[in-house]
Amino acid sequence: MSATADTAPAPTPSALPPLAEPDTAWSPLDRLGVALAWIAGLLLCLIAAAIVVYMLIRGLQFVSLKLLTTHPVPATDQSQSGGILDPILGTLILTAIGTAIAVPIGVGIAVWLSEYGRPGALARAVESGVEIVAGTPTIVLAIFGFLVFTQPAFGFLSFTAQGNAVFGRSFLVAGVVMSLVAIPLVVGTTRESLQAIPDHVREASYALGKDRASTIRRVLLPGSRSGIATGATLGMGRIIGDTAIVVILLGATLQLQGYGSTPILKTLRGTGSTLTSYVYNNSPVGEGNAPEKAYAAAFVLLAIVVLLNLIVNRAVRRSKSSWK
Amino acid sequence: MGATEVAAKTEDRAGPGPVNRVDKRAELMLGALSTLVLVLIAAMIVFVIAKGWPSFTHNGLAWFGPGGNVDQQLADIFNSPATPSNYVYTFHAWPLIYATFLTTFFAVVIGIVVAVLTAIFIVEFAPGGMRRIMEPVVRLLAAVPSVIYGLIGLLVIVPFVNDHLLSEGTKRSVEYVVQLDGTSIGVGILILTVMITPIMIAIVVDALRTVPVGWTEGAAALGVNRFRVLWTIGVRASRPAIVAAAVLATARALGEAIMLSMVTGSVGFSPNPLDGLLYFAEPARPLGATIVAQSTGLSVPPLEQTVFAMAAVLLVSSAFLSFGGAAIRRSIRRGQVAPALAGVD
Chain Y
1 MSATADTAPA
11 PTPSALPPLA
21 EPDTAWSPLD
31 RLGVALAWIA
41 GLLLCLIAAA
51 IVVYMLIRGL
61 QFVSLKLLTT
71 HPVPATDQSQ
81 SGGILDPILG
91 TLILTAIGTA
101 IAVPIGVGIA
111 VWLSEYGRPG
121 ALARAVESGV
131 EIVAGTPTIV
141 LAIFGFLVFT
151 QPAFGFLSFT
161 AQGNAVFGRS
171 FLVAGVVMSL
181 VAIPLVVGTT
191 RESLQAIPDH
201 VREASYALGK
211 DRASTIRRVL
221 LPGSRSGIAT
231 GATLGMGRII
241 GDTAIVVILL
251 GATLQLQGYG
261 STPILKTLRG
271 TGSTLTSYVY
281 NNSPVGEGNA
291 PEKAYAAAFV
301 LLAIVVLLNL
311 IVNRAVRRSK
321 SSWK
Chain P
1001 MGATEVAAKT
1011 EDRAGPGPVN
1021 RVDKRAELML
1031 GALSTLVLVL
1041 IAAMIVFVIA
1051 KGWPSFTHNG
1061 LAWFGPGGNV
1071 DQQLADIFNS
1081 PATPSNYVYT
1091 FHAWPLIYAT
1101 FLTTFFAVVI
1111 GIVVAVLTAI
1121 FIVEFAPGGM
1131 RRIMEPVVRL
1141 LAAVPSVIYG
1151 LIGLLVIVPF
1161 VNDHLLSEGT
1171 KRSVEYVVQL
1181 DGTSIGVGIL
1191 ILTVMITPIM
1201 IAIVVDALRT
1211 VPVGWTEGAA
1221 ALGVNRFRVL
1231 WTIGVRASRP
1241 AIVAAAVLAT
1251 ARALGEAIML
1261 SMVTGSVGFS
1271 PNPLDGLLYF
1281 AEPARPLGAT
1291 IVAQSTGLSV
1301 PPLEQTVFAM
1311 AAVLLVSSAF
1321 LSFGGAAIRR
1331 SIRRGQVAPA
1341 LAGVD
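Residue numbers (this note's numbering), protein chains in the order written: chain Y, 1 to 324; chain P, 1001 to 1345.
The following block holds chain Y by itself, in its conformation from the complex (with noise of 0.2 Å):
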């Protein structure tokens, strides 16, 4: 905008010093400055535009209908070493037991926090609690869950080997730490939307009788859904994205590896892999350095992301719009 300088007399003009002279001067500084914005931002877009180009290339050069749809075999020949349909499933697996798991405890959490949240103490322990995890290194989520899950009272959800040592690592073991990497996703943006309802939609809900409990379910939660399906979202991408937890709870077999009889419940204990997982195993630094299958698994994952990405957007711009 064009600013110029107040040309009318000022009351007591005799008084003041003269004004000094506007500002308006772009110095070869903020020329810099503006230079560099625009850097930094064109920069950002080209890097962004590199990956998915990148991915995009790679992906189509090594992703076929037949590899999404063969198991895995381990073979040290590229071509020999099948598809990856159980890191794809893996990946489903762990991310509906890991959301299943965060969605229900991160929305109470959230409605304790913003509808109840007495004691005060006891609410801002909570808080920095949620905090304390959403800061924590997924690696060591990841020891910790292994330190628990290895105790002999755990072994339901593993196996447990002869001489009563508990494996440890399994879909449901790693299911139930991905879900501590949700819950302050689901807690944060629940708790956002809850405070987003006006009290006066809660005052309407009372004068018509209802109790609290009652105004949260058939009330705040109906209205603050896109919040938590925003959190959701979120979490399923961190879920879907991360390696450490992976690596050390699910055991990185190759293939879905059941343990037991019963139909479900024989993968859930079992071992599996993840698309992440497999990206791991497959690149230089991993026990299958086959890049091509690391690449073909990489592209995947991005698309899943990207179109996890799409879906909060979309609902994020719905949600900013639902109260008036």
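Hints may contain errors.
[Said to hold, decoys possible] Below, a list of computed lysine to any residue pairs in the SDA-like style, where the Cα atoms sit at most 25 Å apart:
no., chain 1, residue 1, chain 2, residue 2
1, P, Lys1051, Y, Pro284
2, P, Lys1171, Y, Pro152
3, P, Lys1051, Y, Ala134
4, P, Lys1051, P, Ala1062
5, P, Lys1051, P, Glu1027
6, Y, Lys210, P, Glu1027
7, P, Lys1051, Y, Ser128
8, Y, Lys210, Y, Ser226
9, P, Lys1024, Y, Pro104
10, P, Lys1051, Y, Arg118
11, Y, Lys210, P, Arg1021
12, P, Lys1051, Y, Gln151
13, P, Lys1024, Y, Arg118
14, Y, Lys210, P, Lys1051
15, P, Lys1051, Y, Phe156
[Unchecked claim] Residues of chain Y clear of chain P, computed beta-carbon distances all greater than 10 Å:
no., residue
16, Leu65
17, Ala96
18, Ala100
19, Leu122
20, Val130
21, Val133
22, Ala153
23, Phe159
24, Pro222
25, Ser226
26, Gln255
27, Gln257
28, Pro291
29, Leu308
30, Asn309
These are computed hints drawn from the structure, not numbers from a lab.
All values reported here derive from a predicted model rather than from experimental measurement.
Note that beta-carbon positions come from the ideal geometry of N, C-alpha and C, so glycine has one too.
Assemble the complex: chain Y is given as a structure, and chain P must be docked to it using the hints.
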């Protein structure tokens, strides 16, 4: 805060008469759930520190210090005799801590400059069309899994550094100390910066947008140019948010394990600043990556305890960062910081 207001209001509403039982039970159950999660988190901190304690007590403060070859020490711990009295604990984690510090520090410092500039660009200078795509781009970059960053780093950037930036001569000049093959802290810092900058951008953009319009318009009316308005008013008023962003990004960078284990070379080596620019081409291995690398040996008790000691260091530092970040954010929310800054030119 909203919580206490609502609580006060509903207490008024309850008035005389018995308290609704269903309501009471709902509060109790949700409170119990929250407390349970809190207890679990407290237990995590206690267990991780307790498990790592023997490693700390055997080494004392030397645990954090330099001395010997850290990879050799880890191997010795892994191979220590099976009788508890003969366990080997000697461990000096300095190269790992140093690598964690280096990668985190440089990534956060570069990231914060880039983030502030990009935020200024998004808020003020980006043309309409670009502004609309910038936000999804930032969110996408924040959401790309670290293993993909690691893969691209390892298969694209590391070979590039090895083939084009490092000559045979430079490699030979340090070969009796360390092998250079492109995996290096420099590549780690570069990718880590790309990973953590988007989070900072998002926070700084939000802060710049909440700067009172009166302040910026007032400055503009005085004839200050657009960049100067943003720099002297917007950025200064958003300083708490910038600090909060840096804290959050530090926590993220500190715990990054997978990507760094892929691109930093996985050698327990301390890069030597005396090597000049070659410093950034030297490999290292941060704490998080070391935990990943040693996770297969968790069944050996002394190694397990050493690994948990490393985890405890990460956990305690990130907890402190969380507390610091939360305190800053609370002060922003209360609005105590913004008025204090109103006097700033």
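Now for the hints, and whether the structure bears them out:
no. : hint                    : verdict
1   : Lys1051(P) x Pro284(Y)  : violated, 33 Å
2   : Lys1171(P) x Pro152(Y)  : violated, 51 Å
3   : Lys1051(P) x Ala134(Y)  : holds, 22 Å
4   : Lys1051(P) x Ala1062(P) : holds, 18 Å
5   : Lys1051(P) x Glu1027(P) : violated, 35 Å
6   : Lys210(Y) x Glu1027(P)  : holds, 15 Å
7   : Lys1051(P) x Ser128(Y)  : holds, 23 Å
8   : Lys210(Y) x Ser226(Y)   : holds, 23 Å
9   : Lys1024(P) x Pro104(Y)  : holds, 19 Å
10  : Lys1051(P) x Arg118(Y)  : violated, 34 Å
11  : Lys210(Y) x Arg1021(P)  : holds, 13 Å
12  : Lys1051(P) x Gln151(Y)  : holds, 14 Å
13  : Lys1024(P) x Arg118(Y)  : holds, 12 Å
14  : Lys210(Y) x Lys1051(P)  : violated, 50 Å
15  : Lys1051(P) x Phe156(Y)  : holds, 23 Å
16  : Leu65                   : holds, 22 Å
17  : Ala96                   : holds, 18 Å
18  : Ala100                  : holds, 15 Å
19  : Leu122                  : violated, 7 Å
20  : Val130                  : violated, 8 Å
21  : Val133                  : violated, 6 Å
22  : Ala153                  : holds, 14 Å
23  : Phe159                  : holds, 15 Å
24  : Pro222                  : holds, 16 Å
25  : Ser226                  : holds, 16 Å
26  : Gln255                  : holds, 20 Å
27  : Gln257                  : holds, 18 Å
28  : Pro291                  : violated, 6 Å
29  : Leu308                  : violated, 7 Å
30  : Asn309                  : violated, 5 Å
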